[in-house]
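Make the full structure from the sequences, and use the hints.
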Amino acid sequence: MIEVSHLSKSYRDLKAVDDVSFQVQSGEILGFLGPNGAGKTTTMRILTGVLPPTSGTVKVSGFDVFEQPLEVKKRIGYLPENPPVYTDMTVRSYLRFVASIKGVARKAREGEVDRVAQKTNCTQFIQRVIGNLSKGQRQRVGLAQALLGDPEVLILDEPTVGLDPAQIIEVRQLIKSLAGKHTIVLSTHILPEVTAICQKALIISQGKVVAYDTLDNLQRAHAGAATADGQTGPVPSLEEIFLKLTSA
Amino acid sequence: MKNAFAIAKKELNIYFATPIAYVMFTLFVVIGSYFFLRLLGAYEQASLMYMRFNSPEMMNRLNFQDAIFRALFGNLGVILIFVVPFLTMRLVAEEKKQKTIELLYSTPVTPGQIVWGKYLAALVILVCTLALTLLYPALVQLVTKDPNGVEWRSIFLGYTGLFLLGAAYMALGLFISSLTESQVVAALITFVVLLMTWIIGWTAAETEGATREVVTYLSSVSHLDSFSKGTVDLKDLVYFLSICALGLFATHRAVEAHRWS
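Just so you know, the protein sequences line up as chains Z and S, in that order.
Be aware that the first sequence starts at 226, since it is given in my numbering, and climbs by one per residue.
Be aware that the second sequence starts at 55, since it is given in my numbering, and climbs by one per residue.
Please keep in mind that the hints were generated in silico from the structure rather than gathered at the bench.
These numbers come from a predicted model, not from an experiment.
Virtual Cβ for every residue (Gly too), placed ideally from N, Cα, C.
Do not take every clue at face value.
List time: in silico PhoX-like cross-link candidates among lysine-lysine, alpha-carbon distance up to 20 Å [to be verified]: (1) Lys151(S) <-> Lys360(Z); (2) Lys344(Z) <-> Lys360(Z); (3) Lys401(Z) <-> Lys344(Z); (4) Lys360(Z) <-> Lys56(S); (5) Lys433(Z) <-> Lys469(Z); (6) Lys406(Z) <-> Lys344(Z); (7) Lys433(Z) <-> Lys240(Z); (8) Lys56(S) <-> Lys332(Z); (9) Lys299(Z) <-> Lys332(Z); (10) Lys284(Z) <-> Lys406(Z); (11) Lys406(Z) <-> Lys299(Z); (12) Lys284(Z) <-> Lys299(Z); (13) Lys332(Z) <-> Lys63(S); (14) Lys63(S) <-> Lys199(S); (15) Lys56(S) <-> Lys299(Z).
Sample of chain Z residues lacking proximity to chain S, with all beta carbon distances greater than 12 Å (derived) [what the hints assert, rightly or not]: (16) Lys240; (17) Asp243; (18) Ser251; (19) Thr273; (20) Phe322; (21) Glu335; (22) Gly336; (23) Arg340; (24) Gln343; (25) Val386; (26) Ala448; (27) Lys469.
What follows is the structure in structure tokens.
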């Protein structure tokens, strides 16, 4: 569904993303991990066609992001780091606007807005002006916006930031429920989140891929040395693997 | 085109949800009314004087278009220089600052649609601003005893000129707004640029020959005068439309270039 090959992006002398390749199968959830400044957001911006890559290609549903950006953008829902909300609009008029530029037909628009608002629990403040909402509420509006038009691919940049614990669990459940029907790339620094939601993890550090595998394989590969009586060593948590890989 | 309309609708939604448009409407009407009242007073004095001298010939020559509206349109054109920067400053700069431009870049919207949508919204605001001043000819028509009354055809042409002037200013303002993240910077630079297009005309008086021709042609407000007189000059039409085209083209490039920076 998503094919990234040899992707690089430089800002002048800084190599933000360096030769990154990975694939996400249809219906899969990929956890995208890395310390701050590792190039997660840059990669996601390139995947969604916001930024042009310096080199390498990205294909979404067979369309090249660079050659046919509109076809790709029709199939993608994107939640950037900061929810891209207009603070002077009400939640409803904002969602209506996003639905219309995503090409949701006029007649279906109102129903679609209600559907995503319900899914992300935005219904109780849908008439309010976004500028007056809390960080967590804005985050949910941002998520609602990404779900509009029911895109095949969802790119979520730290979707649970700013939410309270109950909401985090809700959003995780929501994302899990979207799997299968949607292909999801999710970035986060909260490691239990990856364990809870994703099947596969991609860890990058300083723009380079340091690990890319299913969670089970990662844990097996980094398990402690076998003990004398033939038992396998203690199974490391994702946290330990992450720290080991990114500290280098 | 549908996307451009959606963006225009969103812009208008924000314009009318925030105080900026209302403040600018009020400002425009307050200053416009001041000029209108002064011109009306001058007209009154002139007609009293001609009556006292019992000069029917002069009285015949006195008409609303030349005595009031031609000068008023010139004044309104100058006030636009002060109003337009504050109307265009947020158009692109705010999207960049709030990072909402990422939403537009990640949805199936082309840079061209973004520019058209924003410009369309700016033009609607311009029409609203100008429409408020229709009050002046309407008032004159209401109280006049002159059988000919207000020449509505000339008034209409005057407004066409004002609209074209405003549209050119808006295109420049839109472009400057697309160059920066700061609304204040956008407003200031737009103001200076628009002011320059006006005051450059003042130097025309001190020059002659080809320089004078060029300077006069560059001055924005001078192109309004043929419209205020109730005529259309192709030269002025070309001037306004080419500034609009240039502004929109440059904005399109700037919006596209922003992603590559």
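Please flag the earlier hints that this structure goes against, numbers listed from lowest up.
Of the numbered hints given earlier, those the structure breaks are 4, 14, 19 and 20, listed in rising order.
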